[in-house]
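S.K.: If you number the sequence shown the way this note's numbering does, the last residue is 168 and the count never jumps.
Mixed in with the good hints there might be a few duds.
The calculated SDA-like cross-link candidates involving lysine to any residue, where the alpha carbons are at most 20 Å apart (straight line), are [what the hints assert, rightly or not]:
#, residue 1, residue 2
1, Lys39, Val62
2, Lys93, Pro66
3, Lys39, Pro66
4, Lys93, Asp24
5, Lys93, Leu138
6, Lys13, His55
7, Lys93, Lys13
8, Lys39, Lys13
9, Lys93, Lys39
10, Lys13, Asp24
11, Lys93, Leu72
12, Lys39, Glu116
13, Lys39, Arg50
14, Lys93, Glu116
15, Lys93, Gly121
16, Lys39, Gly112
Label-pair ranges, simulated between beta-carbon atoms [what the hints assert, rightly or not]:
#, residue 1, residue 2, range
17, Lys39, Ala18, 28 to 36 Å
18, Glu109, Thr19, 42 to 50 Å
19, Leu21, Pro73, 32 to 40 Å
20, Ile165, Asp123, 37 to 45 Å
21, Ser65, Val157, 23 to 31 Å
22, Thr98, Leu7, 23 to 31 Å
23, Lys13, Arg99, 29 to 37 Å
What the hints contain is simulated information worked out from the structure, not anything from laboratory work.
The beta-carbon is built from N, C-alpha and C at its ideal position, and this holds for glycine as well.
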Amino acid sequence: CTEHAGDDETLQQHLAKAESTATQLDADIEFLAWELRPWELDKGLVTAIDTYAREWSNHFRIAIDVHVSPIDEGRLPAQAALSLYRIAQEALNNVAKHGQATRVGVILEQREERVGLVIEDNGRGFDAIRMHAGPRDQRLGLAGMRERADLVSGTIDIESVPGRGTTVIVQV
């Protein structure tokens, strides 16, 4: 665009700023669309979890073991796949923010009619009783994971011991 401004420096600056703003808006809209429904899910939950976990590991430089088994994704409702994906995101982000872990394990598998997701870390863990009594903003991630599991008639167990890591177990 700036090449059409000729020698007018002020116009060139305005056009460059407008072009930069448009580029940033495009990136922001793409990110918002991804947050609403991650495009990775178009390739299936197995691929989406595997890709996200490995990218997360590279980004945060935390070792990860990912074990995903084929699942009957044709029978898994889209909302259930999205909920499992979001729970995985939240659990891994909690590890990065609070866990101080050096290793994380992610397992996604199907047994009979249920799909299970397990995320386990070797981080600092937490006292579940104190966490429930603590400030509300410290519990939002855990509450969000529980709500996502409830939305799809799933179950979630969060096991944690101070100094011994955390395990999140989801069944849908």
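S.K.: Now tell me if each hint is right for this structure.
M.R.: Here's how the hints hold up against the structure:
At roughly 17 Å between alpha-carbon atoms, Lys39 and Val62 fall within 20 Å of each other, so this suggested pair holds. Between Lys93 and Pro66, the direct Cα distance comes to roughly 30 Å. Violation of the 20 Å bound is thereby established for this hinted pair. The hinted pair formed by Lys39 and Pro66 meets the criterion: a straight-line CA distance of about 13 Å does not exceed 20 Å. For the proposed pair Lys93 and Asp24, the alpha carbon gap of about 23 Å is over 20 Å, so the pair is violated.
With a C-alpha separation of about 13 Å, the suggested pairing of Lys93 with Leu138 holds against the 20 Å cut-off. With a CA separation close to 30 Å, the supplied pair Lys13 and His55 exceeds the 20 Å bound. Only pairs whose Cα atoms come within 20 Å are accepted, and Lys93 paired with Lys13 is rejected, the gap being roughly 35 Å. With a C-alpha separation of about 37 Å, the suggested pair Lys39 and Lys13 falls outside the 20 Å cut-off, and the hint is violated.
As the CA atoms of Lys93 and Lys39 are separated by approximately 28 Å, the hinted pair breaks the 20 Å bound. At roughly 16 Å between alpha-carbon atoms, Lys13 and Asp24 fall within 20 Å of each other, so this suggested pair holds. As the CA atoms of Lys93 and Leu72 are separated by approximately 30 Å, the hinted pair breaks the 20 Å bound. The straight-line distance between the Cα atoms of Lys39 and Glu116 is roughly 25 Å, outside the 20 Å bound, and the hint therefore fails.
A threshold of 20 Å between alpha carbons decides the hint, and for Lys39 with Arg50 the separation of about 16 Å falls inside it, so the pair holds. Taking the CA atoms of Lys93 and Glu116, the gap is near 15 Å; set against the 20 Å cutoff, the hint holds. At roughly 12 Å between alpha-carbon atoms, Lys93 and Gly121 fall within 20 Å of each other, so this suggested pair holds. For the proposed pair Lys39 and Gly112, the alpha carbon gap of about 19 Å is at most 20 Å, so the pair holds.
Look at Lys39 against Ala18: about 29 Å separates their beta carbons, and that is inside 28 to 36 Å. Checked against the given bound of 42 to 50 Å, the beta carbons of Glu109 and Thr19, roughly 47 Å apart, stay inside it. The hinted window of 32 to 40 Å between Leu21 and Pro73 holds, with their beta carbons roughly 33 Å apart. Between Ile165 and Asp123 the beta carbon distance is about 19 Å. The supplied range of 37 to 45 Å is therefore violated.
Range check, Ser65 to Val157: Cβ separation about 28 Å, and the 23 to 31 Å hint holds. At roughly 54 Å, the beta carbons of Thr98 and Leu7 sit outside the given window of 23 to 31 Å. A hinted range of 29 to 37 Å for the beta carbons of Lys13 and Arg99 is inconsistent with their spacing of about 46 Å.
The structure is inconsistent with the numbered hints 2, 4, 6, 7, 8, 9, 11, 12, 20, 22 and 23, although it conforms to all the rest.
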